[in-house]
Amino acid sequence: MKVGFIGVGNMGWPMAGHIAKAGHQVVAFDLDKARCEKFAAEHGAKAGSLAEVAACEVVITMLPTSKHVRAALTEADGGAFIKALKPGTVIVDMSSSEPGDSREMGPIIAKTGAVFLDGPVSGAVPRAITGDLAIMLGGDDAAAKEKAKPILSCMGKKIFETGPLGSGHAMKALNNYVGAAGLAAAAEALSVGKRFGLDPAVMVDILNVSTGKNFATEVVIPSQVLTRKFAGGFAVGLMAKDVKIAADLAKQMGMEAPVAQLVSQRWIEARDTLGADKDASESVLAWDPEF
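Numbering-wise, the sequence shown is residues 44 to 334 according to this note's numbering.
In short, the hints are calculated from the structure, not lab data.
Certain hints may be false.
[As the list claims (entries may be wrong)] With a straight-line Cα cutoff of 25 Å, these simulated BS3-like cross-link-like pairs (lysine-lysine) come out:
1) K126 <-> K45
2) K200 <-> K64
3) K81 <-> K64
4) K256 <-> K237
5) K201 <-> K64
6) K192 <-> K129
7) K154 <-> K45
8) K76 <-> K89
9) K188 <-> K129
10) K188 <-> K45
11) K294 <-> K110
12) K321 <-> K110
13) K126 <-> K190
With the hints as extra help, turn the sequences into a complete structure.
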């Protein structure tokens, strides 16, 4: 297929690369033109305009927020993308976007005869590189989902159909909230234990054969925190954004979710202390500078 890809950043680069390696013709766009041209040269792809991307059969967006997605699809270059869209084109937003924004975008894209789906991912940069992302696919058009799946399968073998449009982004935010809560709780426990005289490395070993085991204790803390690498591949600002999406979603559903609200506050604190571009694993230093 001819596949458009908007956003060849840390995640988008390897994701689009897998599509090209699978034999599809990739037309890439990024605001960083030099980076986009470098990607095209390395992967036998084309660095195109937004209008050229819109002419593809399937279009993937991998951008920081819903606002960036909306800008790229409807506003940038005088609305070049949406003006060039053709009936039957399938757009899959794989960014970590707001579920409500995705539901708003659907009808806007539908006016052109194209279809908008949401397909956020889990696995961060390491699994983007290996092509083993978990993909959460939401949308209201079954045929469009089937058309997109061969492209999505280039980037991840686990494709979960989550329901109507926006459900993928809701699931992604809720997943990241649970992961963020696990890291915040583990970091807090290790800080308390260290002050008491426990060895954090021994604590992690014990947690990982006990009921406290989670992704943070198994992967993030051993590989990134105890080693002081802080290079897990997911920015603290993005984590704060995703957890806030989950906390806000609870409010929209009329639910009290005090744990989500508290975890959101903790990650906003980490973002504001460290800077949004720092690795999420470094959040432990924001919560406890002596960690």
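Evaluated hints:
1. This hinted pair checks out: K126 and K45 have alpha carbons roughly 18 Å apart, not beyond 25 Å.
2. For the suggested pair K200 and K64, the alpha carbons sit about 15 Å apart, so the restraint of at most 25 Å is met.
3. Of the supplied pair hints, the one linking K81 and K64 holds, its CA atoms being roughly 16 Å apart against a limit of 25 Å.
4. For the hint pairing K256 with K237, the CA-to-CA distance comes to about 18 Å; that is within 25 Å, so the pair holds.
5. Between K201 and K64, the direct Cα distance comes to roughly 19 Å. Compliance with the 25 Å bound is thereby established for this hinted pair.
6. Distance check on the hinted pair: K192 and K129 sit about 20 Å apart at the alpha-carbon level, within 25 Å; holds.
7. A C-alpha spacing of about 22 Å is found between K154 and K45, which places the hinted pair at or below 25 Å, so the restraint holds.
8. Between K76 and K89, the direct Cα distance comes to roughly 12 Å. Compliance with the 25 Å bound is thereby established for this hinted pair.
9. At most 25 Å may separate the alpha-carbon atoms for a hinted pair to count; K188 and K129 meet this at roughly 17 Å.
10. A hinted pair counts as satisfied when its Cα atoms are at most 25 Å apart, and K188 with K45 qualifies at roughly 16 Å.
11. Restraint check for K294 and K110: satisfied, since their Cα atoms lie roughly 21 Å apart, inside the 25 Å limit.
12. With a CA separation close to 21 Å, the supplied pair K321 and K110 stays within the 25 Å bound.
13. The suggested pairing of K126 with K190 holds, with an alpha-carbon distance near 22 Å, which does not exceed 25 Å.
Checked against the numbered hints above, the structure breaks none of them.
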